Amino acid sequence: MSFDQNAFLIIFTASLISISCGLLGVFMMLRKMSMTGDAISHAVLPGIVIGFFVSGSQRGLEVIIGAGILGILATLLIDWLKNKAKVQLDASIGITFTLLFAIGIILINMLAYKVDLDQECVLYGEIAYLPIDLWITDAGFSMGPRITYLAVLNLVLVGTFIFLLYKELKLTSFDENFGLVVGLPAGAINLALMSMVSYTTVSSFEAVGAILVVALLVVPPATAFLWTKKLTSLIKLTCGLGIFIAVTGYYAAYLVDSSIAGMMVAVAGVIFLGSAAIKGIKPNWAFGTSTPSKPLEV
Amino acid sequence: MSDFVYFFTFQDASIAFVVIGITLLGIGSAYVGTYSFLDKKALLGDAISHAVLPGICLGFMLAGEKNPIYIVTGAFLSGALATFLTSWLKSKTRLSDDAIIASILSIFFGFGVVLLTVIQKSGNPEMAGLNQFIFGNAIAILEEDLYIYGGLAILIILTLTAFRKEFSMLVFNADFGKSIGYPMGAIRLIFNVLMILAVVIGIQAIGVVLMAALLITPGAAARFWTDKLGKLLLIAGAFSAVSGIIGTYVSFIIPQMPTGPWVVVCLSLLALISFLFAPKKGVLSRFIARRYYLKKTHQDHLLKLIYHGIESGKSSFPIEEIYQSFPYRKRETKHTIDELIKTNLLTINQGFIDFTSKGKSEAKRIVRLHRLWELYLNEYMNIAPDHVHDSAEKLEHILTPELEALLENRLNYPKLDPHQENIPRDNDEL
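Protein chains in written order, with the numbering used here: chain D, 1 to 298; chain C, 299 to 728.
Careful, some of the hints might be misleading.
Stated by the list, open to error - Simulated coverage check for chain C against chain D, where a stretch passes if three residues somewhere in it have a Cβ under 8 Å from a Cβ of chain D: (1) 406-413; (2) 679-689.
As the list claims (entries may be wrong) - With beta-carbon atoms standing in for the labels, derived distance ranges: (3) Thr232(D) / Phe382(C): 33 to 41 Å; (4) Asp4(D) / Met425(C): 40 to 48 Å; (5) Gly187(D) / Ser689(C): 32 to 40 Å; (6) Phe178(D) / Ser420(C): 52 to 60 Å.
Don't read these hints as lab results, they were simulated from the structure. What you are looking at is a predicted structure, and each value in this text was computed from that prediction instead of being measured. Quick reminder that beta carbons are idealized off the backbone N, C-alpha and C, glycines included.
Taking the hints into account, I'd like the entire structure generated from these sequences.
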């Protein structure tokens, strides 16, 4: 157990990332699009690799642009498969993200000698190296850890996005048709939300990896949803949970000497399952009849 | 090229083994996946395939090496736990399906990553083998592993084939099965076990992240080619076996290349081809069918227009007048008239349009169908005469000669429609 500058930086950055993810995740969950978020976070991989290859470094703007394009492409591909090719939604999601992720892995392997990016990094990132990955200006002046800056920027963008479009997001999340009737461009808002999700995935994947971003997108909002039904308290609770799992995850990972991001997700999972055990059992009198138990049925 | 010959002539017994193995497990998971696709639970396979990672790691930690029995058991148990938790959360909370699946998937994967990094830092030299479970490496499957994986795959295929009736009842109409006395709970339990087994045997070759594709994509692609369950399973199995072999071949010629991504790319390519070009259901053939239908309706409307003109006493039809009857569609109308002249239904003489005898009987047929349907709606459905036109306008293009005969028979060869207009027959004078 220790608390020094590095620990503070890691916990601070992890909290920022999980708050950004959680904020977007709340709306993804309300729109029943959690799996689309999963699909996007897998699908941005080829964009990241191509961006790496074009710019030659992981700092390039090309990486973010590439990933953003791929994220939107994935959303459009899912829509196309569902609406034009008439594939059912779950299969469209499954096909799209596995294909794009597979292409990403193939690209990494083909460009292995030219790109400083390996499969493990993409899968689960490594936030522990954050304090040594410094942002050094052209004048050779060290400005502090680069990923922390990215996380701050990301949170500011996500916060602004949600602050500006709060009413629209809320309305279209709960009743898209009503939104359309009163003249909101529901499709454009949806696409904007997906772009923010892609951008957040890219900006966080170095720290927590492409797959664990999904956990941060989905698990804290789902946990909060078990405790409250009000949107504002849902958002507050999600942010609180984000900070809590960052702190607990860091120290738990420190104890067993493992991946910090993985441990954050494990902690989030424990909280989620615990909440479900406490809050999930609906008292029978609330609805008059009991729901029959269905063993191993989904 | 010599690699190609070497690979596909199976001179090396181990290659033959691997190819047999990947074919079996491809077919097995395609079978299970097709059923779960029809059950609209395709993403459960994704959750299970991510969720086996902690089980694999625990099995590895307990055995201290890459022992297939420990790993298969561990993977199976954690897959089963994930499936159980998914159904438990669904019955106990109000979270939507996708939120539950995404949560379970990422939580289990997170645990897996924790265990994986713990193993990594313990410095076990066998660790390298464990990484193969993430992206898959079919070439690295050993012969003794293959007996277990192949055996399980055969078990899956045999169970699904033997109990096909029960499983198809499960996915198509479980309530019906229950009502005629089948133990649907037990059948679902067995099906879930088979699904977890399919994932467990697939991960060594395909990897945890991409295993979902082997479950989802073959069924979705095959669905475009047939409506019969038997054929569906065969096509799905074939797609996945072919992709499996191609993926194995690629990771054979490029040693660093994992198998999984190539299998998935092949499968997705086959799926895209199916979505675009499959007869009847493909995007292209549906597009063509739609174009054909629109053309046919326009032709019918044009013939009807001229017929109505003759009926109301007009004798000549200048082409410009016909263009004006279809405002803003001049090009399309011109094209249709050309087509009708080519098929010898209309003639054109100095800018005036007239029927040929063949065109006349075709126009009569359309008007007859229209009016017969109006009369049928009026007499049998008790719909007011001023409400029947729209429906007849749609059905006149699709009523078949058999239906026409049936209508004539039912209505007893009527002379007049509800609007007191003549129903034309072929030998009536126009």
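message: Just to make sure I understand the rule, a stretch counts as covered if three or more of its residues have a C-beta closer than 8 Å to a C-beta of the chain. Does the segment 679-689 of chain C meet that for chain D?
response: violated (count 0)
query: Between Gly187(D) and Ser689(C), is the Cβ distance one that fits in 32 to 40 Å?
result: With a Cβ separation near 33 Å, Gly187(D) and Ser689(C) satisfy 32 to 40 Å, so the hint holds.
Distance restraint hint 33 to 41 Å, applied to the beta-carbon atoms of Thr232(D) and Phe382(C): Check passed, 34 Å falls within 33 to 41 Å.
message: Range first: 52 to 60 Å. Now tell me if the beta carbons of Phe178(D) and Ser420(C) are that far apart.
response: holds, 56 Å
query: Counting residues of the segment 406-413 of chain C whose CB is closer than 8 Å to a CB in chain D, do you get three or more?
result: holds (count 8)
- prompt: Is the gap between the beta carbons of Asp4(D) and Met425(C) within 40 to 48 Å?
  reply: Given about 30 Å between the Cβ atoms, the range is violated.
Hints 2, 4 from the earlier list are contradicted by this structure; the remaining hints agree with it.
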